[in-house]
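Visitor: Go ahead and model the full structure; you've got the sequences and the hints to work with.
The primary structure of each chain is shown beneath.
There are 4 protein chains.
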Amino acid sequence: MELPVVSLPDVQAHKPEIPVNLTRVGVTNVKKLIEVTRKYKRPIVLISTFDIFVDLPFNRKGANLSRNFEAVDSVIEEAVRGPVYEVEELCGAISRKLLDRHEYANRAEVRMRSEYVIKRKTPEAGATCEEVVDMIAEATAIRGKETDTIVRKVIGAEVLGITACPCAQEIMRDRAIQVLEELGVSDDVVREFLQRVPMATHNQRGRGAITIEVHDGVNVPLDKIIRIVEESMSATVYEFLKRGDEAALVNQAHRNPKFVEDCVRTMAQRVVEEFRELPGDALITIKQINEESIHRHNAFAERIATMKELREELSS
Amino acid sequence: MELPVVSLPDVQAHKPEIPVNLTRVGVTNVKKLIEVTRKYKRPIVLISTFDIFVDLPFNRKGANLSRNFEAVDSVIEEAVRGPVYEVEELCGAISRKLLDRHEYANRAEVRMRSEYVIKRKTPEAGATCEEVVDMIAEATAIRGKETDTIVRKVIGAEVLGITACPCAQEIMRDRAIQVLEELGVSDDVVREFLQRVPMATHNQRGRGAITIEVHDGVNVPLDKIIRIVEESMSATVYEFLKRGDEAALVNQAHRNPKFVEDCVRTMAQRVVEEFRELPGDALITIKQINEESIHRHNAFAERIATMKELREELSS
Amino acid sequence: MELPVVSLPDVQAHKPEIPVNLTRVGVTNVKKLIEVTRKYKRPIVLISTFDIFVDLPFNRKGANLSRNFEAVDSVIEEAVRGPVYEVEELCGAISRKLLDRHEYANRAEVRMRSEYVIKRKTPEAGATCEEVVDMIAEATAIRGKETDTIVRKVIGAEVLGITACPCAQEIMRDRAIQVLEELGVSDDVVREFLQRVPMATHNQRGRGAITIEVHDGVNVPLDKIIRIVEESMSATVYEFLKRGDEAALVNQAHRNPKFVEDCVRTMAQRVVEEFRELPGDALITIKQINEESIHRHNAFAERIATMKELREELSS
Amino acid sequence: MELPVVSLPDVQAHKPEIPVNLTRVGVTNVKKLIEVTRKYKRPIVLISTFDIFVDLPFNRKGANLSRNFEAVDSVIEEAVRGPVYEVEELCGAISRKLLDRHEYANRAEVRMRSEYVIKRKTPEAGATCEEVVDMIAEATAIRGKETDTIVRKVIGAEVLGITACPCAQEIMRDRAIQVLEELGVSDDVVREFLQRVPMATHNQRGRGAITIEVHDGVNVPLDKIIRIVEESMSATVYEFLKRGDEAALVNQAHRNPKFVEDCVRTMAQRVVEEFRELPGDALITIKQINEESIHRHNAFAERIATMKELREELSS
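Sequence lines, in order, name chains A, B, C and D.
Using the working numbering, the letters of the first sequence correspond one by one to residues 1 to 316.
Using the working numbering, the letters of the second sequence correspond one by one to residues 1 to 316.
Using the working numbering, the letters of the third sequence correspond one by one to residues 1 to 316.
Using the working numbering, the letters of the fourth sequence correspond one by one to residues 1 to 316.
Careful, some of the hints might be misleading.
Intra- or inter-copy, both count: the list cannot distinguish identical chains.
Unchecked claim - Here are the computed lysine-lysine pairs in the BS3-like style, where the Cα-Cα straight-line distance is at most 27 Å:
| id | residue 1 | residue 2 |
| --- | --- | --- |
| 1 | LYS224 | LYS119 |
| 2 | LYS224 | LYS41 |
| 3 | LYS308 | LYS61 |
| 4 | LYS224 | LYS308 |
| 5 | LYS31 | LYS119 |
These aren't lab readings, by the way, just hints derived from the structure by calculation.
Guide: Here is the structure:
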């Protein structure tokens with residue numbers, strides 16, 4: 001049976017009884033299929049999860065959440081028709097549209113997460129395998145009072161790798177030296193042996209992450225971020241390893257042992273080296289979580305700083 | 001076979017090759033059994049999950065993570081022997097110990113989450129049932145240069161409830177009016193009927209959360225926070241409802257429809273009313289997530305402000 | 001530095017010290033990008049998560065897990081080159097390849113999960129919106145002793161919807177009747193009113209799921225399964241609803257209240273009606289989980305039966 | 001305002017329109033505080049998560065879910081007053097009560113999961129530390145037609161540990177041999193060295209699990225199951241390790257490398273050795289998941305068998 005047609009009230013535009021500002025009103029866990037066109041590469045199709053917010057002044061009862069979807073949809077449609085887009089630009093465009101449609105808001109935020117497939121070649125056999133990394137993009141549009149709207153964008157990735165512990169390895173190495181000495185092996189041979197064969201230690205899955213926040217207009221290649229994260233751990237993981245690859249990988253990880261702290265510092269150094277064009281106020285977050293194989297808990301390290309701060313520390 | 005005894009190297013105290021400060025180094029997802037003694041009440045036994053961090057200067061390779069555990073353990077042991085403790089005081093004491101043991105650190109952070117069981121009486125039958133809420137406590141100790149160490153503590157809770165949508169209800173109400181009028185029912189009867197029987201709308205699980213950050217020494221009762229959160233939604237959920245209770249609950253929720261925005265504003269007002277003794281710089285975060293029954297995504301609202309800001313908005 | 005080349009031992013082919021058969025050896029949580037060609041439709045690109053197993057006899061130490069990846073990869077490559085494929089056929093082909101490569105195994109199992117995007121039109125405004133459902137496909141290949149390898153395949157989906165409770169609604173309806181009678185409204189008008197305006201009840205997100213297991217060769221359209229699941233709840237959810245849509249959806253859900261039990265039974269009836277060609281031994285699992293808005297816990301109902309059993313119950 | 005009192009309808013007892021049997025109707029994710037009294041030990045307080053089901057015949061519309069809670073509550077109350085209880089007996093008692101209260105049901109199922117804290121002593125320093133393991137208990141009560149109700153119970157645990165890969169280690173060992181030979185070290189010294197110092201390999205968090213299903217009346221100590229699981233991996237993990245402990249643990253894990261398959265087989269052997277009193281029809285499930293440090297995916301092995309089957313394989 002049909003409902004009678006009535007004119008629909010706009011409850012959200014009412015004055016609220018409690019005049020309190022809201023920092024953030026919106027929707028979370030919105031899934032959208034997006035197709036990102038890229039220069040010189042095939043477009044990528046992603047199922048992305050969006051969180052979308054605006055602020056709300058004390059004199060307005062509710063935000064029209066359905067407008068958020070129209071903003072997302074209209075931008076994504078244009079993106080599909082238009083030429084070149086990076087995911088953080090997509091978020092930036094959505095954040096601008098949100099301010100257009102929520103005329104009472106001064107700030108609009110868009111966060112996007114997605115799985116992203118990259119290709120890697122295994123270390124020994126050189127076989128190609130696919131890896132899934134987690135991509136993060138964000139944008140915040142701030143309505144200027146006398147100036148234009150300002151948009152800040154974040155692009156980043158979280159990548160799995162292997163980390164081997166330097167501390168336990170140093171102990172195992174000292175013990176190897178002691179045993180070889182007891183067995184009468186000469187110092188020279190011991191030294192040579194230990195240079196060629198790395199000793200045991202505990203190793204585990206590590207998860208490194210970098211995000212870079214820049215003003216609208218600056219472009220930060222995602223693939224470069226992913227490469228920095230994966231190269232800052234003891235070794236890269238692969239979905240598919242032939243036996244020779246597996247040995248090469250274990251060897252490489254054990255030649256390159258790293259604490260969580262080392263991973264974060266290596267990422268910081270690489271970001272400074274490889275993103276020389278980034279402005280000093282670009283906010284960088286760098287994080288490493290090791291799922292310790294000898295514990296139930298995780299080891300964690302993090303640095304949050306501007307490019308200027310990182311540059312100064314590294315040039316001192 | 002026994003390993004030969006060797007003197008153990010302290011790899012972490014070395015100078016790192018990359019002189020970058022770290023914002024946060026530590027461990028996450030550490031589970032500990034804690035027993036919290038309380039005034040006038042039975043002690044509570046909780047399996048709590050801790051995240052524990054210190055900062056690390058550029059000239060030190062690693063933090064001694066095992067020291068974190070000694071700090072946690074020694075404080076928990078004292079807590080069990082000692083007289084009265086709130087969970088946020090426990091975190092505060094751990095954060096102080098962390099600074100004692102990590103002499104190179106200027107800042108120590110402790111975050112604790114735990115499930116916490118409370119009792120509720122059902123609305124009609126008055127039956128007692130247990131509910132599980134999520135408790136959050138945090139502490140940050142900052143080493144003063146010329147002053148004493150400052151500790152700031154956070155205490156809070158996340159609680160499930162039911163929220164009914166005011167917007168859809170207003171439309172359903174308008175349609176009820178229209179149909180009753182078409183059937184020749186008088187305005188007075190329509191008005192009286194709608195006052196006594198609330199119309200349908202979509203309703204769903206909501207999750208409200210409040211955290212309050214205060215200086216060491218100020219006490220914020222957790223049970224008061226939990227009560228504010230649960231009373232700020234359309235109605236309280238219960239694990240166990242007789243049929244009469246269920247009807248009473250549906251009736252109550254539909255008489256008290258609320259947007260995510262309304263829930264946050266009600267919580268803000270209640271926090272201001274019930275915590276008059278809190279200092280103006282106490283940081284308050286208030287959050288509401290509605291798991292919308294008509295969508296796959298969630299509705300979200302949040303306010304982050306000091307007590308001073310909330311008081312000013314509400315007294316204007 | 002290069003490692004010296006040595007011949008690599010095949011540890012897995014050794015006899016194990018403990019001669020125990022293993023039901024299942026393999027890998028879980030393997031993510032692969034797959035592209036499924038379909039008749040009359042655009043190919044779909046999916047990031048799918050695979051679990052892959054073979055059984056292992058007592059006289060073999062280990063399974064060569066890397067062979068699993070070769071099986072997956074080679075089938076996916078062929079699938080991309082080849083013409084028409086359903087996801088469950090992809091799993092079936094992988095399970096056959098697994099038996100080819102693990103000559104010691106008698107049974108190979110492949111399970112695949114993936115997010116899958118469908119389009120829906122909103123009930124009133126007729127706007128198109130995207131919805132994400134969870135797709136499940138499985139295949140089991142069993143090596144025949146004197147016969148050919150037998151492959152059984154499972155295809156299914158889990159879909160979100162809204163469910164409204166009939167029990168609370170009946171109480172609210174009785175109360176509406178009582179109040180209207182007290183106000184002197186005639187029985188005829190009351191009856192007519194309640195036919196045109198459904199009364200309130202608690203409603204919530206429901207998750208319905210159907211899987212259908214068939215012999216290799218039988219084709220079960222995924223889109224049909226998805227439609228049955230979404231039509232067996234009180235109403236369909238949409239990511240994007242204009243205000244008029246929202247009212248229409250609330251109205252529809254409240255006209256069609258359903259317990260978890262009802263959802264499962266409706267799905268069972270629809271499966272019997274719409275898959276008349278399925279063999280009697282096709283195993284059907286039907287499941288409904290309601291995330292009760294009035295409780296912290298979920299309501300659950302499930303039926304596991306063959307098509308033959310369901311047909312007999314429904315024709316009795 | 002008060003609702004008028006009306007007599008409440010029993011919607012669930014109606015005949016359903018679709019006469020389909022349901023395998024399982026009930027509630028999931030119910031959290032309850034339970035206190036289990038034990039012989040010679042302190043009572044344990046646990047926040048346990050229950051799933052509770054009964055079957056439902058084709059001629060009954062719904063199960064009275066609130067009766068499930070009364071069954072759980074009444075049994076837990078008795079358990080607290082009564083003398084000795086194991087968690088699986090608690091589940092058994094709940095399943096019997098469920099059949100008492102759901103007179104139309106022939107089968108009642110109870111599943112319980114809980115975190116459970118055990119103490120361990122570290123390998124070198126002998127320090128005590130707490131570990132959290134996951135405890136599982138289940139019970140199924142089946143109404144006999146001419147006999148008494150039969151109850152089958154399951155008790156089990158999932159425990160974290162460390163596993164080191166034998167395959168990569170054998171390759172690293174072969175390379176160590178080759179290098180030492182190239183450096184002119186004698187075969188005897190090489191052999192002696194490799195006996196005293198284990199070579200590197202990848203290692204990771206493993207999760208082992210055992211569940212044992214027995215008839216009511218047979219008692220299976222949970223602590224024995226936990227010990228078997230933790231001793232079947234390469235080494236035990238600890239929340240707290242002094243540096244000497246860490247070296248001892250790395251050494252132990254590398255002296256005891258294990259595939260997922262080996263862990264399952266070791267558990268099978270230990271279960272057969274240590275539970276000689278178990279009846280032949282006791283169903284055993286044994287599972288091992290290794291969170292491979294060199295891959296993003298997990299390695300998995302499983303055995304599901306009766307005690308009789310395991311005994312026969314191991315005595316052959």
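Visitor: All hints, please: hold or fail.
Guide: Evaluation of the provided hints:
1. When the C-alpha separation of LYS224 and LYS119 is checked against a cutoff of 27 Å, the pair qualifies only within one copy, where the shortest distance is 14 Å, while the shortest distance between copies is 35 Å.
2. Within a single copy, LYS224 and LYS41 get their C-alpha atoms as close as 15 Å, which meets the 27 Å cut-off; across copies the closest is 36 Å, which misses it.
3. When the C-alpha separation of LYS308 and LYS61 is checked against a cutoff of 27 Å, the pair qualifies only between copies, where the shortest distance is 22 Å, while the shortest distance within a copy is 42 Å.
4. For the homomeric pair LYS224 and LYS308, the shortest alpha-carbon distance inside one copy (20 Å) is at most 27 Å, but the shortest distance between copies (45 Å) is not.
5. Taking the closest pair of Cα atoms, LYS31 and LYS119 come within 27 Å of each other both inside a single copy (25 Å) and across two copies (13 Å).
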